[in-house]
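Make the full structure from the sequences, and use the hints.
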Amino acid sequence: MIRYTSSIEKLIESFMKLPGIGRKTAKRLAFHILEMPKEKAEEIAQSILDARKNIITCSVCGDLTDTDPCRICSDKRRDSALICVVQEPGDIMAMERTGQYFGYYHVLHGVISPMDGIGPNDINLKSLLTRVSENDIKEVILAVNPTVEGEATAMYISKLLAPFGVTVSRIAHGIPVGSDIEYTDEVTLAKAIEGRRVIR
Amino acid sequence: MIVKSLTLTNFRNYVQQTVEFDNGINIIHGKNGQGKTNILESIFMCSAAKSPRTSNFKEMVNMDTNDDFFVISMDYSFRDMDSNIKIKYDNRGKTFIYNDIVLDKVGELMTRFLSILFTPEDLYIIKGGPECRRRFLDMFICQVDKGYFYLLQKYNRLLKQKSSCLKADADSSEKETYIHVLNDYMADIGSKVIDKRLSVLREMKEKTYAIHKNISNGLEEIDLNYVFSGKKIDDHNVKETMNQKLDESLEKELLRKVCLVGPHRDDIEIRINEKDARTFGSQGQIRTAALSLKLCQADIMEKKCGEKPVVLLDDVLSELDIGRQRAIVEKFQKNQIIITCTDKEKILENNNGSIRYIFVQKGKIIV
Ligand SMILES: Nc1ncnc2c1ncn2[C@@H]1O[C@H](COP(=O)(O)OP(=O)(O)O)[C@@H](O)[C@H]1O
Ligand SMILES: [Mg+2]
Ligand SMILES: [Zn+2]
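Top line first, the protein sequences correspond to chains W and H. In this text, residue positions in the first sequence follow the working numbering: the first is 1, and each later residue adds one. In this text, residue positions in the second sequence follow the working numbering: the first is 1001, and each later residue adds one.
Hints in this document: simulated from the structure, not taken from any laboratory. Wrong hints could be hidden among the right ones.
What the hints assert, rightly or not - Derived DEER-like restraints, expressed as beta-carbon distance ranges:
#, chain 1, residue 1, chain 2, residue 2, range
1, W, L34, H, I1097, 45 to 53 Å
2, H, M1063, W, V198, 56 to 64 Å
3, W, L34, H, E1251, 58 to 66 Å
4, H, L1260, W, E96, 40 to 48 Å
5, H, E1251, W, P19, 45 to 53 Å
6, H, M1063, W, N145, 34 to 42 Å
All C-beta atoms, glycine included, are put in the ideal place defined by N, C-alpha and C.
Written as structure tokens, this is what we have:
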């Protein structure tokens, strides 16, 4: 493997720490940055520093925010009986874009996955139980991804919530809009059948 | 189902080689270690997405060249439609391509091409450990039912998670609750795996019995039974049974830190004339039993998919007398057959149909 002078090498290795970035992409990014005007590069560096300094996790829902509690948690017009549990902060943005949900959120920051060293105590779950026990919550919607780990985490959460007498629901997963049943793989199709609803 | 031609690039001891096949009988011959089995292996991979010899794709890259990839490209016809399957492997991983469309899930390759492989290793289905019988059954069901492939994938993932959880350091109430959750989930998925195995096995039981009795000249009766956690079971309340067994074994599992209950531990009991074939079967009985099981699978495959699988016979005919050789070829007279052997004179003497001969030497087809 070709090694570059130490500061280039360090930059490449820094990029490689990001998810989904291998050495090849890291190298491309590093050289791209080195070829930028100096100010542009400084702008990027500064925005990383700023974000890191100013962004904190919301003490209520766990979302990333620059105010605590975050904007959503401080919005009193929302439906306080609903909490939607998501896997990652980015998922909130996706839910918000639908314009169909007006309750509050809770971010787990991952799902339970013992093979990756993530146990039940390593995700943001205790505070969810506190929230449910201290507030008048009627329904918790589990919007975690439909992977094996997501399903198991959802089952685990619903078990923990059982004593509180709240409704626990799971969002339906299925065929993407605009796609054809014929070309939908069986896993997705099976999910769609599982999540079907009565229309008559 | 007919394989028309096969092109191997950097696969095993082939650098770049195209092989053409006839609709009927094809005999690949040559000395040992020349690359005959490699051809059958690559064809079989197009139906199972796995090699019968290894789970490591890297092993199949030609190590005598500098390239770090291989490509298998197979043209075939299925219900009179021409199709192509490509399997590519390089340092980024495996790619499965059907008619130039990259399949996003391996399972999508299943049921697009059907083949059945007979090899001398089939004896291990009978005399090997339980894992040999599970693999034999699982590989077969996957080939005819891609839903089963996904089910198995899900179950194996759960299994990995549960073993990691059992091995994770401290026992805590959270860990135990989580294991209960996994157990419920595994009982659900695991019982579906077992249900499918049971239903295929039920079908195999009768057919294998008839086939085995026939090739043993009426002397031997074979019986197959599914064994869950050391006990024969039928398809009654599998989920409940598994749930119960998981509950019972939890303490032991926590102590030993391994998953002790589920389809990954099960077995298929094979009896010949009421005796366990694995321990008491003679060499001849074991060979006949393995052959019967495979022949039976060919029947089921055809019934389930409405198309005759390509029959791959790797070095097995030479072990049989001319009478049995004929019987097999007769049974598959409407299938395409690809046979490998070292001595072509000893195979199908005086066969009156036409045979295509393919001579292999050091990873090359010699014409
Ligand atoms: N990855 C590989 N690269 C190069 N040669 C290989 C590789 N794997 C197997 N071989 C060679 O292939 C030959 C075995 O081929 P095989 O088809 O099993 O032989 P046979 O003709 O006896 O069936 C051996 O010579 C072995 O060295
Ligand atoms: Mg061989
Ligand atoms: Zn918040």
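Here's how the hints hold up against the structure:
no. : hint                           : verdict
1   : L34(W) x I1097(H): 45 to 53 Å  : 38 Å, violated
2   : M1063(H) x V198(W): 56 to 64 Å : 59 Å, holds
3   : L34(W) x E1251(H): 58 to 66 Å  : 60 Å, holds
4   : L1260(H) x E96(W): 40 to 48 Å  : 46 Å, holds
5   : E1251(H) x P19(W): 45 to 53 Å  : 39 Å, violated
6   : M1063(H) x N145(W): 34 to 42 Å : 40 Å, holds
The structure fails to meet hints 1 and 5 from the earlier list, while all remaining hints are met.
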